[in-house]
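Number of protein chains: 2
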Amino acid sequence: MKLTDKPVTNFLDELASSAPAPGGGSVAALSGALGAALVSMVCNLTLGKKAYAGVQDDIGDLLAQSEALRAKLTGLLEEDVKAYTGYSKAAKMPRATDDEKADRAVAMLAALKVATDVPLSIAETAVEVMDLCQPAADKGNKWAVSDAGVAVLMAEAALRSAALNVLINLGTLKDQEFVADRRAKLEVLLEGKGIMRDEIYDDVVSRL
Amino acid sequence: MKLTDKPVTNFLDELASSAPAPGGGSVAALSGALGAALVSMVCNLTLGKKAYAGVQDDIGDLLAQSEALRAKLTGLLEEDVKAYTGYSKAAKMPRATDDEKADRAVAMLAALKVATDVPLSIAETAVEVMDLCQPAADKGNKWAVSDAGVAVLMAEAALRSAALNVLINLGTLKDQEFVADRRAKLEVLLEGKGIMRDEIYDDVVSRL
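Residue numbers (the numbering used here), protein chains in the order written: chain A, 1 to 208; chain B, 1001 to 1208.
Hint data in this document are derived by calculation from the structure and do not stem from the laboratory. As the structure is a computational prediction, the values presented were derived from the model and not from experiment. Don't take each hint at face value.
Keeping only pairs whose Cα atoms sit at most 30 Å apart, straight-line, the calculated DSBU-like set for lysine-lysine is [claimed, not checked]:
{"no.": "1", "chain 1": "A", "residue 1": "K6", "chain 2": "A", "residue 2": "K139"}
{"no.": "2", "chain 1": "B", "residue 1": "K1142", "chain 2": "A", "residue 2": "K142"}
{"no.": "3", "chain 1": "A", "residue 1": "K139", "chain 2": "B", "residue 2": "K1174"}
{"no.": "4", "chain 1": "B", "residue 1": "K1142", "chain 2": "B", "residue 2": "K1193"}
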């Protein structure tokens, strides 16, 4: 059963338990999906409203983007759990002989790279959600402007949460070229996003 | 059916739709519950582990607190939806006569106060979750330190999201004494929490 097919309470119960998955990576993906869903909600509360006749096309485009990102993040939530399972499986491979040890090391390295690249994709997608929040606040139904504000808070929390999950995996990886590449990618993604969050939040507060 | 009994995907679908609830207030409560669940996870990965024998009592206390806060926030998620329904009902009351208009105005004011105080409770509870994150990072299983970091990101996003929902309701309230009181309470809750989030995040990053 997919994690996202479970009731919200069960998701929270499993998260709180000592079971290794879901963990922080899944929460990052869910937080991003919540942000994308809120952008969609703002759009859906704007479409077909006379007072917003001038922005219907823009809002339609925004909705198509937010729904695509929501689907992507829901998928990444499941992928994060799978990546963890893959790593656990590799760690349990036999290591009695030198050949077995070598096979296990190769499998663990590959699994750890996947477990790093999934949260990196979550971080990338969360940034794309952040990019939709100011347009949603500017053009969307003004009665839902606080929801556009919540969207950016959730998307930025998703970005930073995903970053922590990338970093914890990079910390155990020995492939220095891979580590340097992913660290550089992460830095670009994080650059200025705390400020962006605060600016959108302050702008939303100024309209309440 | 309770909102939290629905599958995660359905919750996201309903959030994205133009249906008035769930909205940003429910997301605030959920985000706080996710933060609390992550603190619980860190504790559950620490309890019974020999390497953490010296902190078992502290971790036990922390878990009791995080689980109580998680239950409270899950309850507040449902209350937020109920508060919105209450306000919608009041808005639909008849207003043909002066008496009806007066009754409706009284009911709307009362409902709006409830709809303000529920996210204020979410904000208060989110701050309590934030207070558990540094101890969880310091004393919990070091392999789960990134989860303590994600916990503070979700709890602070919950606080700010709840704040936006308090403020949008205060903006339409005419009872100036109530508005001033709730604004003051909110300011106390928000004070320094952005810095606290950044400090815990940076501390966690330094350990990865």
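Results for each hint:
no. : hint               : verdict
1   : A:K6 to A:K139     : violated, 34 Å
2   : B:K1142 to A:K142  : violated, 45 Å
3   : A:K139 to B:K1174  : holds, 27 Å
4   : B:K1142 to B:K1193 : holds, 24 Å
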